[in-house]
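Chemist: Here's the letter readout for the chains.
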Amino acid sequence: ETGVTQTPRHLVMGMTNKKSLKCEQHLGHNAMYWYKQSAKKPLELMFVYNFKEQTENNSVPSRFSPECPNSSHLFLHLHTLQPEDSALYLCASSQDGGGQPYEQYFGPGTRLTVT
Amino acid sequence: TQLLEQSPQFLSIQEGENLTVYCNSSSVFSSLQWYRQEPGEGPVLLVTVVTGGEVKKLKRLTFQFGDARKDSSLHITAAQPGDTGLYLCAGAEDNFNKFYFGSGTKLNVKP
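Chain order of the listed sequences is A and B. For the first sequence, my numbering gives the first residue as 1, with consecutive numbering after it. For the second sequence, my numbering gives the first residue as 1, with consecutive numbering after it.
Don't take each hint at face value.
As the list claims (entries may be wrong) - In silico DSBU-like pairs for lysine-lysine, Cα to Cα no more than 30 Å straight-line: (1) B/K59 - B/K110; (2) B/K106 - A/K22; (3) A/K41 - B/K106; (4) B/K98 - A/K36; (5) B/K59 - B/K98; (6) A/K19 - B/K70; (7) A/K41 - A/K52; (8) B/K70 - A/K40; (9) B/K98 - A/K22; (10) A/K52 - A/K22; (11) A/K52 - A/K36; (12) A/K41 - B/K98; (13) A/K40 - A/K18; (14) B/K56 - A/K19; (15) A/K22 - B/K110; (16) B/K110 - B/K98; (17) B/K110 - A/K41; (18) B/K106 - A/K36; (19) B/K56 - A/K40; (20) B/K70 - A/K41; (21) B/K106 - B/K59; (22) B/K56 - A/K41; (23) A/K22 - A/K41; (24) A/K36 - B/K70; (25) A/K52 - B/K59; (26) A/K22 - B/K56; (27) B/K70 - B/K56; (28) B/K110 - A/K52.
To be verified - Coverage of chain A stretches by chain B, computed from C-beta distances (three or more under 8 Å per stretch; other residues unrestricted): (29) 12-19; (30) 71-84.
Everything labelled a hint here was simulated from the structure, so no lab data went into it. Where a beta carbon is used, it is the ideal one built from N, C-alpha and C, also for glycine.
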């Protein structure tokens, strides 16, 4: 595998379910991100992890719970979601620092539908 | 709050035409990225511009960063159907890996 991978690619879940999204980056980066992309809205940053530490939580409801066990893996745990949470969830990674411009590399996304 | 505005929001043109997409902000960015996203997929990084006034070319695509590092443009020459997609710009703050995305320009190039 190369780049950033995400599983599953598609997920349909009921409002009372618990599920998790997984992201893995094979680029040796030290920062990882979760974004939400809804129709007709700009990409919304949800969480940022630097060196496995959460550095940004962009006022995300507690029904979304991120986990970053190491710098290569990122999870998004979902529980009691609402229909308006249906969206494309994108994971990205970047290399933090070193004097280079920040560049994000995205995974293919998980298309989530909440019924 | 940083805000990046892209224009136009939608663009439908014939194959062979030229086009320009704009990305504007009142804020200064340390770097700016352009991405192309196809339906159901994640954005793919096209280019990063860092220096005010910088121009970068990627085949038929020309990217320019404004002198004040607040705005950018993407020019496509002789557009092809393969250029169809959502074009996104994203600005990064100095010393922070936090990105602000524009709302995107949806381009459709008809054969």
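Chemist: State for each hint whether it applies.
Modeler: Hints versus structure:
no., hint, result
1, B/K59 - B/K110, "holds (20 Å)"
2, B/K106 - A/K22, "holds (28 Å)"
3, A/K41 - B/K106, "holds (12 Å)"
4, B/K98 - A/K36, "holds (15 Å)"
5, B/K59 - B/K98, "holds (29 Å)"
6, A/K19 - B/K70, "violated (40 Å)"
7, A/K41 - A/K52, "holds (28 Å)"
8, B/K70 - A/K40, "holds (24 Å)"
9, B/K98 - A/K22, "holds (21 Å)"
10, A/K52 - A/K22, "holds (15 Å)"
11, A/K52 - A/K36, "holds (20 Å)"
12, A/K41 - B/K98, "holds (18 Å)"
13, A/K40 - A/K18, "holds (27 Å)"
14, B/K56 - A/K19, "violated (43 Å)"
15, A/K22 - B/K110, "violated (37 Å)"
16, B/K110 - B/K98, "violated (36 Å)"
17, B/K110 - A/K41, "holds (25 Å)"
18, B/K106 - A/K36, "holds (18 Å)"
19, B/K56 - A/K40, "holds (29 Å)"
20, B/K70 - A/K41, "holds (21 Å)"
21, B/K106 - B/K59, "holds (20 Å)"
22, B/K56 - A/K41, "holds (28 Å)"
23, A/K22 - A/K41, "holds (23 Å)"
24, A/K36 - B/K70, "holds (25 Å)"
25, A/K52 - B/K59, "violated (38 Å)"
26, A/K22 - B/K56, "violated (35 Å)"
27, B/K70 - B/K56, "holds (16 Å)"
28, B/K110 - A/K52, "violated (45 Å)"
29, 12-19, "violated (count 0)"
30, 71-84, "violated (count 0)"
Of the numbered hints given earlier, the model fails hints 6, 14, 15, 16, 25, 26, 28, 29 and 30; all others are met.
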